[in-house]
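Chemist: All chains, please: the whole structure from these sequences, using the hints.
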Amino acid sequence: MDVTVAITGMNARPDNPGPGVAVARCLKDSDKFTGRIVGLGYDALDPGLYLNEYCDAAYLLPYPSAGDEAFITSLREIHEQEHIDVIIPCLDAELPGMVRLTPLFDELGIKYLLPTPEQLRLRNKDRLVELAEHAGIHCPEIKATTDAGFFYRCQHEGWKYPLVVKGLFYGAHIVDNADQAAEAFRDIAAQWGYPVLVQRLVEGEEYNLTAVCDGKGEMLGEVMMKKMAVTDKGKAWSGVSIFDQKLRDASAALIKSINWRGPLEVEVMRDTHGDYQLIEINPRFPAWIYLSEGVDRNLPLILLQTIFGKQVEDLPDPRPGVLFIRYAAERIVPQSEFEAVIMHGGQRLT
Amino acid sequence: MTGKKQWIKPTIVPLRSGLLNKFGSQEAPWIDAIDEVPIPQLLEQYGSPLFVVSERRLRRNIQRLKRAFSARYPSVIFGWSYKTNYLGAVCNTFHQEGSWAEVVSEFEYQKARSLGVPGHNILFNGPFKRPGILRLAVSEGAHIHVDHLDELYELEQIAQQLKTPIEVTLRLNFDTGYTETWSRFGFNVESGQALDAAWRIASSEHLNLTGLHSHIGTFVLEPRAYANQVRTMCEFMHEVESLTNCHITYLDIGGGFASMNSLQGIYLPAEQMVPSEEQYAEAVCDVLLELTHDRETRGFKRPTLILETGRALVDDAEHLISTVVANKRLPDGRRAVVVDAGVNILFTAFWYNHKVMPTRILPGKPEDTTIYGPLCMNIDVVRNSVMLPPLSIGDNLVYSPVGAYNHTQWMQFIEYRPNVVMIDENRNVSVIREAENLEVVTAQERLPAHLSAAYPQGAPEDILSERSSDSNN
Amino acid sequence: MQDESGSVLPSSQSLHRLAISESGFIFDPTSGHHFTVNETGLDILRHLQTAHSPAELVALLQREYSASEKEIERDVLEFAAMLRKFIGD
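Residue numbers (numbering that gives the first Met the number 0), protein chains in the order written: chain A, 0 to 349; chain B, 0 to 472; chain C, 0 to 88.
Any given hint could turn out to be false.
Claimed, not checked - Residues of chain C clear of chain B, computed beta-carbon distances all greater than 12 Å:
(1) 12
(2) 16
(3) 28
(4) 33
(5) 42
(6) 54
Claimed, not checked - With a straight-line Cα cutoff of 25 Å, these simulated BS3-like cross-link-like pairs (lysine-lysine) come out:
(7) B:3 - C:69
(8) A:309 - A:215
(9) A:245 - A:226
(10) C:69 - B:4
(11) C:84 - C:69
(12) A:255 - A:232
(13) B:4 - B:327
(14) A:245 - A:110
(15) B:110 - C:69
(16) C:84 - B:327
(17) A:142 - A:234
(18) A:309 - A:110
(19) A:142 - A:232
(20) A:159 - A:215
(21) A:255 - A:309
(22) A:234 - A:245
(23) C:69 - B:327
(24) C:69 - B:364
What the hints assert, rightly or not - Using C-beta positions, here's what the derived DEER-type ranges look like:
(25) B:292 - A:228: 53 to 59 Å
(26) A:237 - C:49: 28 to 34 Å
(27) A:335 - B:430: 57 to 63 Å
(28) C:18 - A:230: 19 to 25 Å
Derived from the structure by calculation, the hints contain no laboratory data. Note that beta-carbon positions come from the ideal geometry of N, C-alpha and C, so glycine has one too.
Modeler: Structure follows, in structure tokens:
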């Protein structure tokens, strides 16, 4: 496929990487992809902006909090330079804006496979319970709060510690008492604003599934993973591919119930009874997406094939037992490249 | 002078990790007219700072919201929330569009009456209604929304005196699952308090329960909170009707719809967070239709839906224009400007990040800027951090939306309050509140005779003795 | 404004060590800090290589820019204070 693909989330930080670089790497590693990659980041220190083995050009975008107008202006400028054919957003916080801007993508001739605004709302962390119920999956109760005082009263309302305190987009802290909860609340609110979410803690083991969904209820190329080790921030640092029919079926039911369109990651806990409890649905590829290439189910490529209406070839059976181990490496960046990003907001890398 | 370059204030900005984005949080570029009236013309005529209300926008807002609800439910009334903006011209614009008045004090009640609103078009809320005004409101047929038991007894007494039964509405509070329960107002549903009050009304010869009211919060970004509110209110309605034999004629769901403003502490911009009027209307009306559809078979009409929407109707219909009076460099290197409009008149700057726009294309790179008001008070910060190009003395900055709560919560503190003008649908500009002056601000003061002069024995001498001795030169 | 005593402008030693790019990108190799300046700031930094007093600097700038001496002087004072803060006296 000889197309230009813009990918966001180039913030491949060692302890908490965004998925963009991994998505780019999947495409570049595939011999079926011969196109160009435009990496889009939000900070001049996003490593992906300098990795010319994965990105042919790299640019900064204004933060989602800057509003639609700033985003539209800079996307138009980048498009004029690079003639983007497809955009793959990879960060949670930018999805609400992206799905509202699909008319702009249409106007610019940029293709995408994204959920509808309504689908996106349905998977909002504070609506997950309803969605799970609808699909017949368990889900721990979630409540949105704007008041740290809740944590001092909540035991009277039937909320027992430990609990999980979460941001609307990112961040999750397990807390054992009201003081810890209030601290986590302030932490999250300071970075991600209100409301802050409280979720009942499910004891058990976490499993993840990622796939591309065609918007007609079908799930394509699913890959399942069990984390083997995590960073301080709870992000996978190594994991192993698995296959579990129950997890597959539960995810398929979930996707069918809302006809999800686009990539996604399903996070579940297998509780002590062996039942799956839905923890989160992320409306994008996960940072560990390169494992999909590792098990010969290159999901970013499948995404492109789906977007261009190409028949997705028969995929090999999922190959349980393939590991990934994430490592950090230093990229040497000449001052001129850093300057180009700071002063001009980006550059051609090749 | 030909061939010389334009002088733009020199800037030097250190790069800090985590902020290495050349865009920062950029604002929309600029605005040079409001409702096609040029801003320089407005300033020349009415001075700076200046509040500008758009009548066209007010009317359009209420018409759109009305359409959204009336298309989904047969009987809808809007009560204009006076405390959101009680400038007479604003209130009467809404009244002309059919809105009732929603008031919460003696002053607001009197204001509504003086504007020509009859008692029967007034919804009277609030935890404190002075005895005199409560009695008057009852006798004029206003709709009394009872906040507590003591008020219920007071109303019973008034009814006895007036020898006529009073129709009352109970204010309810309960948990919607999405909003904080404002349990300080009204009667709690979950604890049975509200039902107790309904029983008390049912047992009185002088009182009839005919309405239910609740107000779930302010700037509510989650339409489902309203769906739950309506559900709880409908369930309560059915319960009291069957238990106490009363007949509820209206459900007042209060206000709280968000406006296109950015609350401090919310990450995403307003356009991605604030639901549309359709989303609110759908959340309310779907549940209301579903839970009232069998009333007709039981011989009851569907209750009228009352909304007390304030902010969402008025906020974006008003701008505040200010003028830059000084540039500053703070010791940490950040840039600051001082403008002539501060938190004294833009009270909502305490909780919003208002949109700030210059009135012309400003050359130069945007830089993180703090905007200070004119007050000699540390708290006078209009925007803590906003990306703006270099500004010159005399440049104008326009804040929006500012229509909600500023004219009711502003204060005469240090500065006089400025003119407020309204642009009508034919682009005519009228002053709707004149700027204050010394006379206005001191009108209510009285000086006891012995304090009538500052220095009865003559003023103390200046410490600059040279100047005082030279003062005749 | 102060003159050659040098307390308004950073020392020429500090100024000479800066790596100044045409784009307005500045690197201080001693502190490791990066800065950006706008066009006017860049012009001032250039002139500072030759101007030795604030008055001289303002005069140079006045030849290039259409602004009053007062306005330029005010902004130069502020800019110089920022320079001293960021790159040292």
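Chemist: Could you run down the list of hints and mark each one as holding or not?
Modeler: Now for the hints, and whether the structure bears them out:
{"no.": "1", "hint": "12", "in the structure": "18 Å, holds"}
{"no.": "2", "hint": "16", "in the structure": "16 Å, holds"}
{"no.": "3", "hint": "28", "in the structure": "15 Å, holds"}
{"no.": "4", "hint": "33", "in the structure": "4 Å, violated"}
{"no.": "5", "hint": "42", "in the structure": "8 Å, violated"}
{"no.": "6", "hint": "54", "in the structure": "17 Å, holds"}
{"no.": "7", "hint": "B:3 - C:69", "in the structure": "17 Å, holds"}
{"no.": "8", "hint": "A:309 - A:215", "in the structure": "15 Å, holds"}
{"no.": "9", "hint": "A:245 - A:226", "in the structure": "18 Å, holds"}
{"no.": "10", "hint": "C:69 - B:4", "in the structure": "16 Å, holds"}
{"no.": "11", "hint": "C:84 - C:69", "in the structure": "23 Å, holds"}
{"no.": "12", "hint": "A:255 - A:232", "in the structure": "32 Å, violated"}
{"no.": "13", "hint": "B:4 - B:327", "in the structure": "23 Å, holds"}
{"no.": "14", "hint": "A:245 - A:110", "in the structure": "33 Å, violated"}
{"no.": "15", "hint": "B:110 - C:69", "in the structure": "53 Å, violated"}
{"no.": "16", "hint": "C:84 - B:327", "in the structure": "15 Å, holds"}
{"no.": "17", "hint": "A:142 - A:234", "in the structure": "24 Å, holds"}
{"no.": "18", "hint": "A:309 - A:110", "in the structure": "14 Å, holds"}
{"no.": "19", "hint": "A:142 - A:232", "in the structure": "23 Å, holds"}
{"no.": "20", "hint": "A:159 - A:215", "in the structure": "40 Å, violated"}
{"no.": "21", "hint": "A:255 - A:309", "in the structure": "21 Å, holds"}
{"no.": "22", "hint": "A:234 - A:245", "in the structure": "24 Å, holds"}
{"no.": "23", "hint": "C:69 - B:327", "in the structure": "16 Å, holds"}
{"no.": "24", "hint": "C:69 - B:364", "in the structure": "22 Å, holds"}
{"no.": "25", "hint": "B:292 - A:228: 53 to 59 Å", "in the structure": "57 Å, holds"}
{"no.": "26", "hint": "A:237 - C:49: 28 to 34 Å", "in the structure": "59 Å, violated"}
{"no.": "27", "hint": "A:335 - B:430: 57 to 63 Å", "in the structure": "59 Å, holds"}
{"no.": "28", "hint": "C:18 - A:230: 19 to 25 Å", "in the structure": "36 Å, violated"}
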